[in-house]
Structure formats: structure tokens, C-alpha cells
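Undergrad: From just these sequences and the hints, can you work out the full model?
Protein sequence lines correspond, in order, to chains A and E. Note that the working numbering has the first sequence beginning at 1, numbered continuously upward. Note that the working numbering has the second sequence beginning at 494, numbered continuously upward.
Keep in mind that the hints are not guaranteed to be accurate.
Claimed, not checked - Some chain A residues near chain E, calculated using beta-carbon distances under 7 Å:
hint, residue
1, Phe-204
2, Val-206
3, Lys-210
4, Ser-212
The hints are simulated quantities; they were obtained by calculation from the structure and are not laboratory data. Idealized CB from N, CA, C, for every residue including glycine.
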Amino acid sequence: MEEIKKPEESWATRLGFIFAIIGAMVGSGNIWRFPRMMAMYGGGAFLIPYTIALFTVAIPLLIAEGVIGRETGKSTIFGFAKYVGKKYAWLGAWVAWVNIAIMFYYAVVCGWALAYFTKGLTGIYGTYVAGKGLQTWEAFTSSYQPLLFAVIVWIFTWYTLARGARGIEKVTGLLVPSLFIILAVIAIRAITLPGAGVGLTYMFKVDPSKLSNAEAWLQAYSQVLWSTGAGWGIYLTYSAYLKKNDDINLNSHITGFGDTSAALLAGLGVITTVAVTAPLLGLNPLDVYAEGNVGLTFIWLTELFPKIPAGALIGTLFFLALFFAAFTSQIAIAEVLIKNIVDFGIPREKAALYGSIAGFIIGIPAALSLDWLNNQDWVWGVGLLISAIVFSIIMWKTGLEKNRETANRGSDIKIGKWWDIMIGYVSPISIAIVLLWWLKQSISWYPETWWKPTEVFSAGTVIFQWILAFIILYVLFGKVFMPKIEARLAEEG
Amino acid sequence: MKMEGSVIATMIIVLGFYWGLTIYFVKLALEKEKEKASA
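TA: This is the structure:
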């Protein structure tokens, strides 16, 4: 017999779920990181390791998350406790915590995009003054505005999540199609610019020599993991609102492919705009791509938009798209927290309110200090790789074949034994390599002080904060809250 | 600047692969859903 769920704890339609999950995974990284990576690491050639990573790591991980979410109807803590055993609840708490730690600063980033959209309404992206981009950015980040826009983002988040899955469905049903339309408008403007061929060449010229560069592979795997949201616990949480015989496998493929499709659309707009306009300011486009996510988006693009026809409109639309992408991800990241609170028996409205207030307050340092935000982005961005490995461990523990059969039940496409190999071996090994590479990189950034927890991007700060989080989460969810977890599990039989 | 033929070919292959398969998968999902609803 099919179980009966409250309306706010289930998706109304399949398309609603698809929009929600694509909205969750298409975030700022699709718009500000993917185009840079593609331009810098071999153009079309970058897509070879990227596509391999999509099939060997991302889609298998999404399927694993879907199995736990659909089978338990819970988020990460109770999901792990119910699916594999109560002593794994603290590992579910780790997955949740990494999301929550990201949520604190991601709401601030989302606020930046909203702020820059409102700036666009004043026509700022239609006028060029040398150095204006940096000046605007510095004035913005040293003012109260990041805090103000973070408040607005949290009010929107609370309003959406207080209504549960149905609230998410309504918001993403509107924002996700709008996002694709806006990205298409920006892409069409960019590729019809005189000289757009240079940008398309950056994007699609295959430079096979880059394939022998290990860094291109590691960046491709990192991009896939951060962009598709595989291993974050978001897909698990959204799958908790599915029915017992709903599809997992086809939805996972749609997530991976939809996410990349949005990234390519954004790439057409961003790479081409930069390639055409940067030389007009005497800049090498590759230097602009190398400026980093924030540098490219909030500093350089604001100076480059005035150089294209209808730049004021395109610039404003660009930041609206960035806000839509970031906000639909923000609600997904925050939902991992809210659903975990709801699982502990707190009513949803209260959970959304408490979660949003806490999210704003604990996120204040990120709104006030870029160093703090960058540090948290570094520590927990790499921490997501640990979460992804945790999912492979859970799949091993509960039986790869059994999990494959569970995923196939009700799914519109069936997966074969290849999934066992990917989730059991290829995924954890490749993620461990990527993880070690990032830590090795960070040691080269601070050869003398790499061990220091006080450096923004050091290996020391990662290890220190991870160990602290592991100890606290183990004590809280392996010991202190265990009676509550046991009681809730017993109540549900 | 005139684009090389190989660039245009790669663009068609890449966009066709990702955009084409995304649309195909979504269409398949909606068809399957319709089938389940009418069964």
C-alpha cells in the first residue's frame, strides 16, 4: 500500500521535482566557475574529463543519495540512522553540517547577486569608467549592504521553506524556467556580438595537450562534484519527499545533464562576453578568467558589460540570473537543515523560522569579512569531498547489489552492475585523489605556514576545523541526542 | 574572426549531447509519468 504523506512533505508533480532539483544544483558555480574552468583548461577538451566524472562519480552518487532519501523519507541524520543503523547518525550529521556551514556564507553570496541586480536597475552597467568595477565592489563590501541583502535572502528562504516541498516547488517552478530563459537571452546577445568567434573558440576549440595535464582532470572532477551537488545530501533530502515507487535513476541523469546544460548556456554568455570585450580594455581574456569567481563576476564583468550594445540590460539580467541560480540552491542547502530539524519532531513552520534566524546570525561574520567567507568556502568546499566518500561507505555497508536493486525499483531506466563498480570503487578512489590534491595545493600556497589554522586557505585550517566538527558531531549525535534518535526510530517502528 | 570548422563541429556535438539528452530525459520522464498515471 502506498504511504500517505502530508502535502508539504511530498512533491505535487514529477516536473515540480525536476525543477526543484535542477534549481538546487544549478548554482553560482555554474555561472561563475564552469565557464572559467572551460576556458582555462582546454576548451572542448575540458569536457572529456568532465563528462567522464559525471558518469563515474556524480550520477552514481546522486543515485546513492536518492536510495537513502526515498527509502527512509528522512534527511541525513535520521536517513542514515534508519537506513544503515543508529551508530551512523553522526555521519549523517557530518553531511548535514557541511551543508549548514556552507549555508551560512552562501546566503551572503546570494545577497551579493541580489544587490548587484538592484544596482543594475539604476543603469550602472551601461556606463564605463576605468576602475569602476573594483571601486564599486570595495564600496559595497565595506558597507552595511551585504548584511541587509543577507536579511532579505533569509526572509525569502524562511517564507519558502515554511511551506515545505510544496513551497520549494512553487518557487523553483517559477525561477528555474526564468533562469534558463535569461541565460539564453544573455548567450544570444553574446554570440551575436561582432568577433564572438573568439569566445566560441576559447570555449569549443579542443586543445588535446591539456588532457595530459593532471590539473585539468582534477579541476574537472572538482567542478562536477561541486556543481552537480553529488554527495552534498541535497538530493537525499529532496528524495525524502518522493513516494516509495518513484523514479530515482532517470531523475539522477536529468540532474547531472540539466546542471551541465545550464553551465554551458552560462558559458556561452560569460566566455564570449569576456573574450570580445576584454581586449577593448587592453586585457587578455585568459587573465580575466584567472581572476577567480568573485573577481570575474563582481569586478570585471561590471566593467565589460558597458562595452556591449544593451550592456545595461544584459548586465542587470546577468545578476538576476545569478540571483535566481543562487537562491534556488540556497533554499536547497537550507532545506537540509530544516528537514533534519523537522525529523527531530519540531513543526516545519517553527523549524523554518528558527533555522532562518540562526542561519542569518551565524552568517553575519561572512557578511562582514571576506577573509572569513573565503576561509569557510575553502574548508567546507573541500569538506564536501569527505561527505561524498561517506555515501560510498554507506552503500558498501548496506550492500552494493541490494542498493542497485532498490534504485531500480520504480525507476524509469535501470542501472546495471557498472553502478556497483562506480559507487564502490571508482567514486571513492577518485574523490580521495582530488581531496589529497587540493590539500597538497594548499601546502604549496603557504610553504612555511601551511599547518597554521589561522591562514585563510591553509591545510591546517581545514584539518583543524574538520577535527573539531567530527568531535562535536560525534559527541552530539553519537551520544547526547542518541536517546532522542532511538525514541524517534522506535516511534516509527 | 572566422571560426574553424572543428570549433563549430565541437560546439554542435557538445551542445547537442548535453542539451539534446537533457530534453530527451525530461520528455521521457514526463511520458513515463503519464503512463503510470493512466495505468
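Undergrad: Of all the hints given earlier, name the ones this structure violates by number, lowest first.
TA: Of the numbered hints, 3, 4 do not hold.
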